[in-house]
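Protein chains: 2
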Amino acid sequence: MTGRSPKSELYDHFSRVGKALASPARLEMLDLLSQGEKTVEQLAGQARLGIKNASAHLRTLREARLVEARKDPPYVLYRVADDAVLRVVRELQALARERLAEVEQITRTYFEAPSDLEPIDVHQLLERLEEGAVTVLDVRPRDEYTAGHIPGAVSMPIEELERRLAEIPPGRPVVAYCRGPFCVFASEAVDTLQKYGFAAQRMKSGVPEWRLAGRAVATGER
Amino acid sequence: MTGRSPKSELYDHFSRVGKALASPARLEMLDLLSQGEKTVEQLAGQARLGIKNASAHLRTLREARLVEARKDPPYVLYRVADDAVLRVVRELQALARERLAEVEQITRTYFEAPSDLEPIDVHQLLERLEEGAVTVLDVRPRDEYTAGHIPGAVSMPIEELERRLAEIPPGRPVVAYCRGPFCVFASEAVDTLQKYGFAAQRMKSGVPEWRLAGRAVATGER
DNA sequence: ATCCTATTCTAAAGAATGATAGAATGAGTG
DNA sequence: CACTCATTCTATCATTCTTTAGAATAGGAT
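So the protein sequences, as listed, match chains A and B.
According to the working numbering, the first sequence holds residues 6 to 227 in order.
According to the working numbering, the second sequence holds residues 6 to 227 in order.
Honestly, I wouldn't trust all of these hints.
No copy labels: a pair is met if it fits in one copy or bridges any two.
As a list, the in silico DMTMM-like pairs of lysine to aspartate or glutamate whose alpha-carbon atoms are at most 25 Å apart [claimed, not checked]: (1) K12 / E165; (2) K24 / E14; (3) K12 / E123; (4) K209 / E164; (5) K12 / E42; (6) K209 / E14; (7) K12 / E109; (8) K12 / E193; (9) K76 / D148; (10) K12 / E214; (11) K12 / D77; (12) K12 / E107; (13) K200 / E117; (14) K76 / E42; (15) K12 / D196.
Hints in this document: simulated from the structure, not taken from any laboratory.
Build out the structure end to end from the sequences listed, making use of the hints.
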């Protein structure tokens, strides 16, 4: 596996990136880190891993230069090193969805609510935002909203949605988004909203796709 | 590693693709297969692997649905299953080049001739083809030219170049291309051509990038 | 200084992957 | 119907990856 010719050395390096993407745990952590920087503890919790295990995977990711760390005592905050990482992960997921029938089936069964007839994409959301007649809800945990959200969106973590329905202007269409195409929060939100009579729709993608589409991302509390 | 929740099942499937991309041998074979379908024997020879080993890697790639096989007795011909595979491999290589300094350095040292000041890209080649005043040389092995080449290009495998120089119109700029950004044939060709007084340039990419850019690909002998 | 906390480092067992040899398959061909 | 050839399947061993436990580090806080 050690490179003798320049060519095999080159492919050895390419495979460093491939190896970093060869574990479900690391792919999930990359998805989580796409939402903004996180501590080891947050990552371990959200990906349901032990802390030591999460730390080991993070080391692998860091050695492949896909993530970077920053100290903010007493924490260490990890983040995705480059938008190119997001592009690769997104292409990999798109490929898996296209080529592996199981992925498409799981997606349909678990990540798209039955009522969820027509999720909209980044461009459609943009159009409707320009028309001005839509309420956009960010149903991710609040710290992910703070780290970066679609301008104009309201932070409404999924656990708070049901008791904060009064804050949503009635008679106005609502769009909910979460982390991306494989995040359940948005479909759950759409289900709840429709149950209470709102014209609700899910956005297929999340903030990372919004960013990659070249749109500005807002940070901070509100 | 077996999926319990839908989410972990999903990431297990994503990692199937990642695992397939986690070996230098498989990444090299994907690059070779991007040039057109090949037999196990051709692949093993071009990637310097044993036949059985190559076959085992091909099985892995096939199980991840990244390549497909077709029988043409007595041979089995392999091909890349989908353009999405090319996109992922390209993004992965771009990421490695951007994030891993070693890759950039190897590329500069071995894959770009010193005289090779300004390699052109797909769009620039297209412009110059439309102007009409450029000779395009395909310096890959002849069977790869046959499997698919840039319309108007002449097949001139690198081993034949030096004794076929008389066929190249003098006083006219020449562009040489091979398999892609990490293929040495084109730089070697540019060196040789410049030595004999031609105004020669290398194209950075190859037929796969041309295809992905939505351009038509010509097949057959000439 | 010493304590405290988050995190990494070290080490080791278990699981998965890689390379290769030998047997088996399977589709023409004589 | 056997023969031939390319290729795959099966089995093996060495290597690498994953996970987890225990020790060590680093940086504030007391």
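Verification of the supplied hints:
1. Taking the closest pair of Cα atoms, K12 and E165 come within 25 Å of each other only across two copies (22 Å); inside a single copy the shortest separation is 54 Å, beyond that limit.
2. Taking the closest pair of Cα atoms, K24 and E14 come within 25 Å of each other both inside a single copy (15 Å) and across two copies (19 Å).
3. Within a single copy, K12 and E123 get their C-alpha atoms only as close as 47 Å, which misses the 25 Å cut-off; across copies the closest is 22 Å, which meets it.
4. For the homomeric pair K209 and E164, the shortest alpha-carbon distance inside one copy (20 Å) is at most 25 Å, but the shortest distance between copies (51 Å) is not.
5. Taking the shortest alpha-carbon separations for K12 and E42, only the inter-copy value of 21 Å comes in at or below 25 Å, while the best intra-copy value is 35 Å.
6. When the C-alpha separation of K209 and E14 is checked against a cutoff of 25 Å, the pair qualifies only between copies, where the shortest distance is 20 Å, while the shortest distance within a copy is 39 Å.
7. Within a single copy, K12 and E109 get their C-alpha atoms only as close as 36 Å, which misses the 25 Å cut-off; across copies the closest is 13 Å, which meets it.
8. For the homomeric pair K12 and E193, the shortest alpha-carbon distance between copies (15 Å) is at most 25 Å, but the shortest distance inside one copy (49 Å) is not.
9. In this assembly of identical chains, K76 and D148 lie within 25 Å of each other by CA distance solely inside one copy; the values are 18 Å within and 54 Å between copies.
10. Taking CA atoms no more than 25 Å apart as the test, K12 paired with E214 passes between copies only; the shortest distance there is 20 Å, against 34 Å inside one copy.
11. Taking the shortest Cα distances, K12 and D77 never come within 25 Å of each other, neither inside one copy (41 Å) nor across copies (31 Å).
12. In the homo-oligomer, the alpha carbons of K12 and E107 lie at most 25 Å apart only across protomers (12 Å), although the nearest pairing inside one protomer, at 35 Å, exceeds that limit.
13. Taking CA atoms no more than 25 Å apart as the test, K200 paired with E117 passes inside one copy only; the shortest distance there is 16 Å, against 62 Å between copies.
14. For a Cα distance limit of 25 Å, the shortest separation of K76 from E42 inside one copy, 11 Å, qualifies, whereas the shortest one across copies, 49 Å, does not.
15. Taking identical chains as interchangeable, the C-alpha atoms of K12 and D196 lie at most 25 Å apart only when they sit on different chains, with a minimum of 19 Å there against 53 Å within one chain.
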